[in-house]
Amino acid sequence: MNDNVLIRVNDLKKHYNNGAIKALDGISTTISKGEVVVVIGPSGSGKSTFLRSLNLLEKPTGGTIEFEGQDITSSKTDINKLRMKMGMVFQHFNLFPHLSILENMTIAPRKLLKMSKADAEAEAKRLLDKVALGDRANAYPSQLSGGQKQRIAIVRALCMKPDVLLFDEPTSALDPEMVGEVLDVMKDLARDGMTMVVVTHEMGFAKEVGTRVIFMDGGQIIEEGTPDEIFDNPSNERLRTFLAKVL
Amino acid sequence: MYLYLSIEDWLRSLKDQFYLNFIDDDRYMYIVKGLGVTLEVTFFAVLLGIALGILVAIIRSTYDKIGKEALDDWKNYSRGNKSLRNIWKGFLTWSLWFWDQICRLYLTVIRGTPVVIQLMIAYFIIFASSNNKVLIAILAFGINSGAYVAEIVRSGIMSIDNGQFEAGRSLGFNYIQTMAYIIIPQAFKNILPALANEFIVLIKETSVSGYVGLQDMTKGGDIIRSRTYSAFMPLIAVAAIYLIIVMFFSKLVTMLERRLRNSER
Chain X
258 MNDNVLIRVN
268 DLKKHYNNGA
278 IKALDGISTT
288 ISKGEVVVVI
298 GPSGSGKSTF
308 LRSLNLLEKP
318 TGGTIEFEGQ
328 DITSSKTDIN
338 KLRMKMGMVF
348 QHFNLFPHLS
358 ILENMTIAPR
368 KLLKMSKADA
378 EAEAKRLLDK
388 VALGDRANAY
398 PSQLSGGQKQ
408 RIAIVRALCM
418 KPDVLLFDEP
428 TSALDPEMVG
438 EVLDVMKDLA
448 RDGMTMVVVT
458 HEMGFAKEVG
468 TRVIFMDGGQ
478 IIEEGTPDEI
488 FDNPSNERLR
498 TFLAKVL
Chain U
6 MYLYLSIEDW
16 LRSLKDQFYL
26 NFIDDDRYMY
36 IVKGLGVTLE
46 VTFFAVLLGI
56 ALGILVAIIR
66 STYDKIGKEA
76 LDDWKNYSRG
86 NKSLRNIWKG
96 FLTWSLWFWD
106 QICRLYLTVI
116 RGTPVVIQLM
126 IAYFIIFASS
136 NNKVLIAILA
146 FGINSGAYVA
156 EIVRSGIMSI
166 DNGQFEAGRS
176 LGFNYIQTMA
186 YIIIPQAFKN
196 ILPALANEFI
206 VLIKETSVSG
216 YVGLQDMTKG
226 GDIIRSRTYS
236 AFMPLIAVAA
246 IYLIIVMFFS
256 KLVTMLERRL
266 RNSER
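Chain order of the listed sequences is X and U. The letter at position 192 of the first sequence is residue 449 when you use the working numbering, and the numbering goes up by one with no holes. The letter at position 129 of the second sequence is residue 134 when you use the working numbering, and the numbering goes up by one with no holes.
Keep in mind that a hint or two might mislead.
Stated by the list, open to error - In silico contact screen, one side only, chain U against chain X (beta carbon under 10 Å); selected entries:
(1) ASP78
(2) LYS80
(3) ASN81
(4) GLN169
(5) GLY173
(6) LEU176
(7) PHE178
(8) ASN202
(9) GLU203
(10) PHE204
(11) ILE208
Unchecked claim - Here are the computed distance ranges between Cβ atoms for each label pair:
(12) X:GLU434 x U:ILE92: 54 to 60 Å
(13) U:LYS73 x X:GLU325: 29 to 35 Å
(14) X:ILE479 x U:LEU60: 46 to 52 Å
(15) U:PHE103 x X:SER332: 17 to 23 Å
(16) U:LYS80 x X:GLN477: 24 to 30 Å
(17) U:ASN91 x X:GLY291: 44 to 50 Å
(18) U:ASN86 x X:LYS338: 56 to 62 Å
As the list claims (entries may be wrong) - For the chain X half of the interface with chain U, some residues (derived, Cβ under 8 Å), not all of them:
(19) ASN351
(20) PHE353
(21) VAL436
For the record, the hints were derived by calculation from the structure and aren't laboratory data. Even for Gly, the Cβ is constructed at its ideal location relative to N, Cα and C.
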């Protein structure tokens with residue numbers, strides 16, 4: 258057993274209507290510390306469902322997911338405890354509009370980790386400076402651009418000091434000129450050694466930053482390998498068709 | 006009949022009417038005391054209605070959001086499992102289902118029948134042995150208002166984008182924390198106008214209290230009318246007081262709304 262394994266997924270299934278629809282059909286993979294795993298595939302391939310299963314926002318109907326050695330699908334596991342260590346970034350940012358940026362970032366550490374207000378705010382400001390939004394601490398989400406919102410969403414997740422960050426199409430809802438600023442933040446994170454699982458259509462990001470690429474279709478993993486293997490020598494027919502469309 | 010009517014005569018007759026309806030025999034006290042009863046009933050009925058409404062709304066939306074799924078889950082996977090934990094889970098899930106059904110029944114019956122009938126049933130049937138008219142009116146109007154408040158609060162909770170809920174849960178908040186910190190504060194802002202409107206409607210609805218012999222403001226005005234045989238003064242006065250109260254609270258709500266909005270910009 259590899260000690261570095263953070264998430265171990267075994268035969269994960271998500272079926273609807275008694276198996277008539279198979280959103281996930283037997284996914285098995287492992288994610289190790291420090292990896293940047295990029296999940297690609299056509300829409301409806303189950304990649305978002307897979308990602309959302311990792312922190313149980315989607316409840317799988319079969320198989321197991323181990324996170325840091327604990328089976329998160331077991332009813333004995335306190336999923337809220339584990340979610341604190343699994344940050345998530347959404348396509349539509351999902352910032353809390355009734356809270357200021359600083360409150361967005363400090364509410365979870367203060368209520369869940371029982372951090373003092375001063376400590377939580379100091380940490381939040383440090384992270385805000387890192388994404389060049391230090392001057393917006395007291396603004397409200399409605400005053401920010403899409404790119405700024407997503408950068409805040411990323412640092413909000415970071416405030417909980419997670420062991421892994423899950424990204425669900427983080428740039429898909431952004432205007433094209435804002436995609437770069439979000440990807441830059443993600444690249445910095447990857448460089449700092451953050452473990453990341455990223456569902457995205459940004460093939461450039463996958464090539465440049467990904468340590469491993471997973472290609473999904475029809476609820477299954479069709480190919481998985483280093484970016485070079487996936488993009489430069491695609492052996493699978495479906496993967497070739499997909500890449501021909503997106504590249 | 007007057008052949009001609011001077012302004013002086015008209016003013017004098019107005020003054021006489023005023024004296025007859027309000028001053029003579031201290032008749033204005035019917036309205037003052039009635040106003041006290043109206044406000045008392047409304048105030049406590051609103052408190053009861055809000056408490057009841059929030060409770061029902063939380064049961065209903067909890068069942069909608071997580072109860073249905075938990076029930077399917079339990080039926081499909083956990084039924085055969087005889088562990089204590091699972092039996093407990095089944096019990097909780099079925100209790101939630103049961104209370105949801107009770108709430109639905111409550112909403113259907115209360116919203117499907119006129120409030121004056123409910124008040125009469127409460128007074129002449131359910132609490133026939135009691136003669137505490139104010140308390141019975143508070144209960145009847147509170148239970149009635151609770152049904153409308155419940156649907157307002159529930160629509161407020163359901164109107165918040167599910168992404169907000171997921172974001173809260175993904176940070177590690179449990180269901181109750183997510184509701185308390187993320188969903189309810191946003192929902193409250195959205196439903197404030199509708200809630201205030203419900204309160205204003207309730208003030209006016211208590212005017213049917215006279216049906217069970219409770220002397221609220223409307224009844225007070227009506228008593229004056231029956232004593233003096235002049236309808237104009239007492240009824241217009243009562244209408245004017247309702248109008249002033251309603252306008253005052255409308256203004257208050259507008260100010261509160263503006264303040265809540267400012268906190269976001």
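Consistency of the hints with the structure:
Hint status for ASP78 of chain U: holds, given a least beta-carbon distance of 8 Å to chain X, under 10 Å. Here the hint on LYS80 of chain U is broken, as its CB sits about 12 Å from the closest CB of chain X, past 10 Å. Hint status for ASN81 of chain U relative to chain X: holds, with the closest Cβ pair at about 9 Å, below 10 Å. Here the hint on GLN169 of chain U is kept, as its CB sits about 6 Å from the closest CB of chain X, short of 10 Å.
The interface hint given for GLY173 of chain U is met, as the beta carbon of that residue sits about 8 Å from the closest beta carbon of chain X, less than 10 Å. Evaluation of the LEU176 of chain U hint against chain X yields a held restraint, the C-beta minimum of about 4 Å falling below 10 Å. For PHE178 of chain U, the interface hint holds, the least distance from its beta-carbon to any beta-carbon of chain X being 7 Å, beneath 10 Å. Hint status for ASN202 of chain U relative to chain X: violated, with the closest Cβ pair at about 22 Å, above 10 Å.
Using the Cβ-Cβ criterion of 10 Å, the hint placing GLU203 of chain U at the interface with chain X is not satisfied: the shortest such distance is roughly 22 Å. Below 10 Å, beta-carbon pairs count as interface contacts, and PHE204 of chain U has none with chain X, the closest being about 23 Å; its hint is therefore violated. The interface hint given for ILE208 of chain U is broken, as the beta carbon of that residue sits about 29 Å from the closest beta carbon of chain X, more than 10 Å. Between GLU434 of chain X and ILE92 of chain U the Cβ separation comes to about 57 Å, which falls inside the hinted range of 54 to 60 Å.
Between LYS73 of chain U and GLU325 of chain X the C-beta distance comes to about 31 Å, which sits within the given range of 29 to 35 Å. Remark: the range hint 46 to 52 Å for ILE479 of chain X to LEU60 of chain U is upheld by a beta-carbon distance near 51 Å. A hinted range of 17 to 23 Å holds for the C-beta pair PHE103 of chain U and SER332 of chain X, which are about 22 Å apart. Between LYS80 of chain U and GLN477 of chain X the beta carbon distance is about 28 Å. The supplied range of 24 to 30 Å therefore holds.
A hinted range of 44 to 50 Å for the beta carbons of ASN91 of chain U and GLY291 of chain X is inconsistent with their spacing of about 38 Å. Taking 56 to 62 Å as the suggested C-beta distance range, the pair ASN86 of chain U and LYS338 of chain X does not conform, at roughly 23 Å. A distance limit of 8 Å between C-beta atoms decides the matter here; for ASN351 of chain X the minimum to chain U is near 4 Å, and the interface restraint holds. Restraint check, PHE353 of chain X versus chain U: the minimum CB separation of about 6 Å is within 8 Å; hint holds.
The interface hint given for VAL436 of chain X is broken, as the beta carbon of that residue sits about 20 Å from the closest beta carbon of chain U, more than 8 Å.
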